[in-house]
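A.B. asks: For reference, the chains in residue letters:
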Amino acid sequence: MPGAAGAAGAPERLPAPGMWATYRMIAGMWIRSTLAYRASFAMMLVGNFLVTAFDFVVIALMFSQVRSLGGYSFAEVAFLYGTSTTAFGLANALLGSIDKLGARVRDGTLDTLLVRPAPVLAQVAADRFGLQRLGRLLQGLLVLGGSLLALDVHWTVLKALLVPMMLLSGTAIFCAVFVAGAAFQFWAQDAAEVQSAFTYGGQTLLQYPPTVFAKDMVRGVTYVFPLAFVNWLPALYVLGRPYPLALPAWFAFTPPLVAALCLILAGQAWRVGVRSYRSTGS
Amino acid sequence: MTDLVELDGVEKVFDVRRKTGRWRREKQQVRAVDGISFRVPRGEMVGYIGPNGAGKSTTIKMLTGILTPSAGRLRVAGLDPSRERTRMAQRIGVVFGQRTTLWWDLPLYDSYRLAHRMYRIPDARFRENLDRCVELLDLASLLDVPVRQLSLGQRMRGDIAAALLHDPDVLYLDEPTIGLDVISKAKVRQFLRDLNAERATTILLTTHDLTDIEQLCRRVMVIDHGRLMYDGALTGLHEAGESERTLVVDLERELPPVRAEGARVVKVEGPRQWLAFPASASAAPLVAHIAAEYPLVDLSVREPDIEAVIARMYEGPRVH
Ligand SMILES: Nc1ncnc2c1ncn2[C@@H]1O[C@H](COP(=O)(O)OP(=O)(O)OP(=O)(O)O)[C@@H](O)[C@H]1O
Ligand SMILES: [Mg+2]
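Protein chains in written order, with my numbering: chain A, 3 to 284; chain B, 5 to 324.
If we strip away everything but chain A, and leave its shape as in the complex, we get (with noise of 0.2 Å):
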């Protein structure tokens, strides 16, 4: 009888999917359902991607009529864009989904979700994965692409270490924002908005140069939330550009420190957040 085990004993179980695992199947499962209707996804996509490069367009709208801005050329904020948009475009591919949660812990329907044998998080940011997120990343690449062969840089091999390391740290402390925002939702379940300000926020600031704004802004977004970490810091040592604050020039290199320390106290928020879950009456 095939229910034997289940008599004698607890069957052995192999572990449960970690993080990654969880993600991809899940994410995959939602790939293949939108792929069947493969006309309406390429709409997507390139909707997707025209509405993101907007913000580029309104860019290259100013320097139609000015020749630098806070005293960076065009390509030099091509750069900046690329770089932001780019870790932003990956982050938000990645976790977009995660601002739902709010939603999910004011119904209750996170129950149903913390009944299978996976992490939540990757649950959450998994749900509706669609392919035309990827517009965004595409048009941030794009951008970058073009920036790196109009940039008058003298490049050196620290130098162009430096851009993929701040692309991947620079998604990281993104992610990390995305993460911390959804953990704030269990507490405050309408704080989307809250969580959008820095986030899509973020990612415009960072696709203007730090001189165009009050010098306070720029202290607020370096030392209390760490969004210069993301692409100012690190690339205004590929530029060559002095940073507005008096900073050693040893800091271009520590987003990848700052990416760790903000996924690991986001980490820690989330679970605080899933322990104080409280479900609803019904």
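Note that these hints are calculated values from the structure, not bench results. Take the hints with a grain of salt, since some may be wrong.
What follows is a list of derived Cβ distance ranges for each label pair [what the hints assert, rightly or not]: (1) A:M167 with B:A204: 53 to 63 Å; (2) A:Q67 with B:K31: 50 to 60 Å; (3) B:S145 with A:V274: 40 to 50 Å; (4) A:V274 with B:G236: 37 to 47 Å; (5) B:D127 with A:L153: 52 to 62 Å; (6) A:M167 with B:E132: 49 to 59 Å; (7) B:T24 with A:A248: 52 to 62 Å; (8) A:R130 with B:A237: 41 to 51 Å; (9) A:A190 with B:K271: 50 to 60 Å; (10) B:V20 with A:V274: 13 to 23 Å; (11) A:R221 with B:R28: 31 to 41 Å; (12) B:R26 with A:G283: 18 to 28 Å.
Here chain A is said to cover these stretches of chain B; the calculated rule only asks that three of the stretch's residues, wherever they fall, bring their Cβ under 8 Å from a Cβ of chain A [as the list claims (entries may be wrong)]: (13) 62-76; (14) 97-107; (15) 112-122.
One-sided and incomplete, this derived list gives chain B residues near chain A with beta-carbon spacing under 10 Å [to be verified]: (16) D19; (17) T90; (18) Q94; (19) Y176.
Every residue gets a Cβ at the ideal spot worked out from N, C-alpha and C, and that includes glycine.
For chain A, the structure is supplied; the task is to place chain B with the ligands on it using the hints.
C.D. replies: What follows is chain B with the ligands alone, placed relative to chain A:
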């Protein structure tokens, strides 16, 4: 027999804020579960019943690891559900009557395919379990239908199948027959009975349909206001609830209420009278007495109604 589910003095307190004035908000505590202890051995099928707001769903949410208990000790298969949530999830199946665990916008089969991978069910086992559920729960024609298009009863059967593909040790069912028609209810009950008999799956079931309990569970627990009021055999509920049987007598004509020792008249309607007497007492002496003293035409005895018994328990005095 080992105990699969163990609760010792488990409590769950919710802090809620209530508006008490225009500006004032008062913090209040709701003791949803207030010190519950019980054990369930492997292979048992237990009914967990109580009025609305008694704390049934809250108990199940703690058992499944969704909620962390405020106090007390809770173990399922030796695991602490909320701390070892993912390991716990591999060993349990959960069906919420009110809420689906299926993927809402995708075809039913996608939910099963994902479960296959997520629970790491061996291929042969998955096929076998799925085929069995599809056959017994009549799912064959529903597999390609998006979950959101399923009717309540179809969705519930789909949910039950999803909870069983990975051979759980314990199955929790929170109102699994809500909204099902008579035939579906019978099918689901038969399915659960077989599951329990053949696979020794431990089942904990909450319901407001006492027929579910009567047909499935030898043991029943009654909770109210977060406390366990009764834990024992279904038949024992009668004694616990001091239940009474009813003797209905038809007399020749309208008469004043019958006087008989050990029974009292609860209702008079023309020549027909209803007498209540303890369920534990025999009806014979009572019948003999009335036949001797009154012009008796006809009589019948009504067994106590389990629903009435439980309703009386709910309303009975509460020890706090
Ligand atoms: N998330 C929550 N926040 C605040 N109070 C809650 C929460 N969940 C449940 N409660 C309260 O706890 C008590 C028990 O609720 P529970 O859902 O466990 O009852 P139940 O026995 O399942 O009732 P029903 O038969 O209506 O489903 C109720 O008073 C309810 O208002
Ligand atoms: Mg309930």
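A.B. asks: Run every hint past the structure and note whether it holds.
C.D. replies: Against the structure, the hints come out as follows:
1. Separated by about 56 Å at the C-beta atoms, M167 (chain A) and A204 (chain B) satisfy the suggested range of 53 to 63 Å.
2. Hint check: Q67 (chain A) to K31 (chain B), Cβ distance near 58 Å, so the stated range 50 to 60 Å holds.
3. A hinted range of 40 to 50 Å holds for the C-beta pair S145 (chain B) and V274 (chain A), which are about 46 Å apart.
4. For V274 (chain A) and G236 (chain B), the hinted distance range of 37 to 47 Å is satisfied, since their beta carbons lie about 41 Å from each other.
5. Look at D127 (chain B) against L153 (chain A): about 54 Å separates their beta carbons, and that is inside 52 to 62 Å.
6. Restraint check, M167 (chain A) to E132 (chain B): a C-beta distance of roughly 51 Å satisfies the suggested window 49 to 59 Å.
7. A hinted range of 52 to 62 Å for the beta carbons of T24 (chain B) and A248 (chain A) is consistent with their spacing of about 54 Å.
8. Between R130 (chain A) and A237 (chain B), the C-beta spacing of about 49 Å keeps the proposed range 41 to 51 Å intact.
9. In this structure the supplied range 50 to 60 Å holds for A190 (chain A) paired with K271 (chain B), their Cβ-Cβ distance being about 58 Å.
10. Between V20 (chain B) and V274 (chain A) the beta carbons are some 20 Å apart, a value that agrees with the proposed interval 13 to 23 Å.
11. Hint check: R221 (chain A) to R28 (chain B), Cβ distance near 40 Å, so the stated range 31 to 41 Å holds.
12. As the Cβ distance of R26 (chain B) to G283 (chain A) is approximately 25 Å, the hint placing it in 18 to 28 Å holds.
13. With 6 residues carrying a beta carbon less than 8 Å from a beta carbon of chain A, the stretch 62-76 of chain B meets the three-residue requirement, and the given coverage holds.
14. Proximity of the stretch 97-107 of chain B to chain A, defined as three or more residues with a beta carbon under 8 Å from a beta carbon of that chain, is established by the 7 residues found.
15. Remark: the stretch 112-122 of chain B is confirmed as covered by chain A, as 5 of its residues place a Cβ nearer than 8 Å to a Cβ of that chain, reaching the required three.
16. Annotation: interface hint on D19 (chain B) holds; nearest CB of chain A at approximately 9 Å, less than 10 Å.
17. For T90 (chain B), the shortest C-beta to C-beta distance to chain A is roughly 4 Å, which falls under 10 Å, so the interface hint holds.
18. Given hint, Q94 (chain B) at the interface with chain A, holds; its Cβ is 4 Å from that chain's nearest Cβ, closer than 10 Å.
19. Against a cut-off of 10 Å between C-beta atoms, the interface hint on Y176 (chain B) holds, since the closest Cβ of chain A lies about 9 Å away.
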